[in-house]
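*Asks:* Sequence:
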Amino acid sequence: MEELSRDELWAIYNTLPATLKDAIFSEDTADAIFNICKLYEIDKNSEVAKIIGRILMGLLPPEFLRDTLQEEIGLKEDIAKKTTMELEHFILNPVKKELDALYEEIEGKEEKPVGDTKEQPTEEPKKEDSYREPIQ
Numbered sequence: 003m004e005e006l007s008r009d010e011l012w013a014i015y016n017t018l019p020a021t022l023k024d025a026i027f028s029e030d031t032a033d034a035i036f037n038i039c040k041l042y043e044i045d046k047n048s049e050v051a052k053i054i055g056r057i058l059m060g061l062l063p064p065e066f067l068r069d070t071l072q073e074e075i076g077l078k079e080d081i082a083k084k085t086t087m088e089l090e091h092f093i094l095n096p097v098k099k100e101l102d103a104l105y106e107e108i109e110g111k112e113e114k115p116v117g118d119t120k121e122q123p124t125e126e127p128k129k130e131d132s133y134r135e136p137i138q
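Here my numbering = 1-based position in the sequence shown + 2.
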């Protein structure tokens, strides 16, 4: 993921609902990250905090948390899974309603280009279905 400048991050932060702003700089969030990292012997608290911050700011969808922990921090799959469950429970779930609304809004902006007033049909990506025989 490309790094955003401090000004870009503040611009995004200023558009967030108060509950998400509070969660980003909350002592409870910091404590939860610290305690979860300590529990699973993760010595990269600040990297975990950055990932959580990206989720809370609408820059990383929550469903990518586990994979991001594995890829960016190098956690093993089982530790990443447990860590994700803890982070979701203590940090993301309390603001789930606001996060869902934020990501719905982001998806809405991505789907409708500015100036395009007519609905664009969304085409499902074609996947091969290994359980079905081809239609003839």
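Everything labelled a hint here was simulated from the structure, so no lab data went into it. The structure displayed is predicted, hence computed values, not measured ones. A virtual CB, placed ideally from N, CA and C, is assigned to each residue, including glycine. Any given hint might turn out to be false.
Straight-line alpha carbon distances no greater than 25 Å define the calculated DMTMM-like cross-link-like pairs of lysine to aspartate or glutamate that follow [to be verified]:
#: 1; residue 1: Lys46; residue 2: Glu29
#: 2; residue 1: Lys98; residue 2: Asp69
#: 3; residue 1: Lys111; residue 2: Glu49
#: 4; residue 1: Lys84; residue 2: Glu49
Distance ranges between label pairs, derived from CB positions [said to hold, decoys possible]:
#: 5; residue 1: Lys84; residue 2: Asn16; range: 15 to 25 Å
#: 6; residue 1: Ala103; residue 2: Leu11; range: 30 to 40 Å
#: 7; residue 1: Glu10; residue 2: Ser48; range: 18 to 28 Å
#: 8; residue 1: Lys84; residue 2: Lys52; range: 18 to 28 Å
#: 9; residue 1: Lys40; residue 2: Thr17; range: 30 to 40 Å
#: 10; residue 1: Gly110; residue 2: Glu43; range: 36 to 46 Å
#: 11; residue 1: Ser28; residue 2: Ala103; range: 15 to 25 Å
#: 12; residue 1: Leu61; residue 2: Asn95; range: 28 to 38 Å
#: 13; residue 1: Glu107; residue 2: Glu43; range: 29 to 39 Å
#: 14; residue 1: Ala103; residue 2: Lys40; range: 12 to 22 Å
*Asks:* Each hint should be assessed against the structure and marked as holding or not.
*Replies:* The hints, checked one at a time:
In summary, the hint linking lysine 46 to glutamate 29 is supported, as the alpha carbons are separated by about 18 Å, within the 25 Å threshold. Under the criterion of a C-alpha separation no larger than 25 Å, the hint pairing lysine 98 with aspartate 69 is consistent with the structure, at around 19 Å. Of the pairs offered as hints, the one joining lysine 111 and glutamate 49 is violated, with about 28 Å between alpha carbons and a cut-off of 25 Å exceeded. With a CA separation close to 17 Å, the supplied pair lysine 84 and glutamate 49 stays within the 25 Å bound.
The beta-carbon spacing between lysine 84 and asparagine 16, approximately 34 Å, falls outside the hinted interval of 15 to 25 Å. Checked against the hint of 30 to 40 Å, the pair alanine 103 and leucine 11 fails, with Cβ atoms roughly 20 Å apart. Distance hint check: the CB atoms of glutamate 10 and serine 48 are about 20 Å apart, consistent with the given range 18 to 28 Å. Lysine 84 and lysine 52 have their C-beta atoms about 20 Å apart, which keeps the hinted 18 to 28 Å range intact.
Here the CB-CB span from lysine 40 to threonine 17 is close to 33 Å, well matched to the stated 30 to 40 Å. The hinted range of 36 to 46 Å is satisfied by glycine 110 and glutamate 43, whose Cβ atoms lie roughly 40 Å apart. Checked against the hint of 15 to 25 Å, the C-beta distance between serine 28 and alanine 103 comes to roughly 19 Å, which is consistent with it. The beta-carbon spacing between leucine 61 and asparagine 95, approximately 19 Å, falls outside the hinted interval of 28 to 38 Å.
Checked against the hint of 29 to 39 Å, the C-beta distance between glutamate 107 and glutamate 43 comes to roughly 37 Å, which is consistent with it. The given range of 12 to 22 Å is broken by alanine 103 and lysine 40, whose C-beta atoms sit roughly 32 Å from each other.
In summary, the structure is inconsistent with hints 3, 5, 6, 12, 14 from the numbered list given earlier, while agreeing with the others.
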